[in-house]
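Visitor: Sequence:
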Amino acid sequence: MGNQLLTPLPTLIHNHNRLDPLLTLRGFACFMVVIFHCLPPRNSIIYKGYDLSWLLCSNGMVAVWIFFVLSGYLMGKAFYTHRYTNDVPGVINFWRNRALRIFPLYYFAVLFLTVLVYPDWMRIENWGYLIRVCTFTYDGSPQLLSNLNFNGVFWSLSTEVQFYVIVPFIYSYFKHRLLNRKQVILSILLIFFTIFITRCIFWIAFRDEMSDKFSYVFKYWYAPLFTNLDLFLCGFLLNALLSNTKLDYEIGVNGREDNKSNNIFLNVSKKNIALILIFLLYLFTAHHFYHQELFNLPERLGKGFRTTTTIFILPLVTALVVSFFIFTFEYYEYNDFTKNEKLSFRIIIKNPVRVVEVFGHLSYGIYIWHVPIIEKVTPIFTSKIPIEAFYGRLIATFFLSTVLASVSYYLIELPYAKNKISRQNEN
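Residue numbers for the sequence shown follow the numbering used here, beginning at -17 and rising by one.
Incorrect hints may have been included.
To be verified - No more than 30 Å apart at the CA atoms, straight line, and that leaves these computed lysine-lysine pairs for DSS-like: (1) K324 / K201; (2) K59 / K400; (3) K157 / K285; (4) K252 / K321; (5) K324 / K400.
The hints are simulated quantities; they were obtained by calculation from the structure and are not laboratory data. None of these values were measured; they are calculated from a predicted model.
Start from the sequences and build out the full structure, keeping to the hints where you can.
Guide: Written out as structure tokens, the structure is:
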């Protein structure tokens, strides 16, 4: 009985005005992607003979993996916390609400970009690619194989939507099978092992091609849903640990105050460790990408990966670090009806640190718009000093994409979000 998952505790109702850590992490990941696509220059920050340029070498792949782990967790939470029921009406409402979240801005961006930014996609010979974009089966291959330029981030949205389609079936499969912590952990390990073997198969079959051409890396390793399932499911199965886990502070609520204080202190320490691990993840992956994968070196343009660390280790490390971050910050709140104050100017005045949540809310729009903006501003910001041109691109891109994201958030995302069906409305 020691490792049995317990029934949910009675919910505690609180009102808070505190920083949302998951929203903040999403905004941070989005900023990592923007930095990555702005192409920080090599050998641009030299201090006492040491090349510190790698500090700016944000690993965009890791940022996308952070999105995937977060998505896995949040989609799983929607079912484990019974926001959606595991029946036909509940599943349809889940898919409907996901469509209302993703489709409006996505299809508006497809129309806008196709007509005004990438008109070559209107040619009849390219309609097949356009259909793939519209049906969320786009994997970036037109850009890599045909030099047909388009917004390079759309592939990841296709991968996410494909995951949304199978979320109810994943929940239905696992909900009655994972009855204790041991089963959850073994399931996660089995998933890691399965995807590791899959990556090994692709690596063995296409080793030379994946080393020489990034198109093979993208097609067989980076973009497919299956090779990213360990990231999604690692986040998803956190819910199996959290949903019915007896919280340590129950002792403090009904027992001795010193036990409660010790538990709170321990939780703060874990949160600090989680933050440090996210910081170290950034540093480790940036250093590896710069020094081992030789990021942004002209002769490496279009090439694949040089190291097996990138292929096998980085996805696993990212999944574990982000999952630990989520578990630590959600552990004490998961079974509560914790109502955080809705973000507004008044709330930000009371707690200024919450201003960073703005970028979490706008992250979808920033993610959608930043690539075409980079393409337009890059010819403008030229300089004999590479780092100066980079900062110009970065500031202009982040500012303009934030403005566009704000406009599209209020004119497109929010109006459609009001049509979402909650379980209360369903009843």
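Visitor: Determine for every hint whether it applies to the structure shown.
Guide: For each hint, the structure was consulted:
The hinted pair formed by K324 and K201 fails the criterion: a straight-line CA distance of about 41 Å is larger than 30 Å. For the proposed pair K59 and K400, the alpha carbon gap of about 21 Å is at most 30 Å, so the pair holds. Distance check on the hinted pair: K157 and K285 sit about 43 Å apart at the alpha-carbon level, beyond 30 Å; violated. The suggested pairing of K252 with K321 holds, with an alpha-carbon distance near 23 Å, which does not exceed 30 Å.
A C-alpha spacing of about 15 Å is found between K324 and K400, which places the hinted pair at or below 30 Å, so the restraint holds.
Consistency note: the structure conflicts with the earlier hints numbered 1 and 3.
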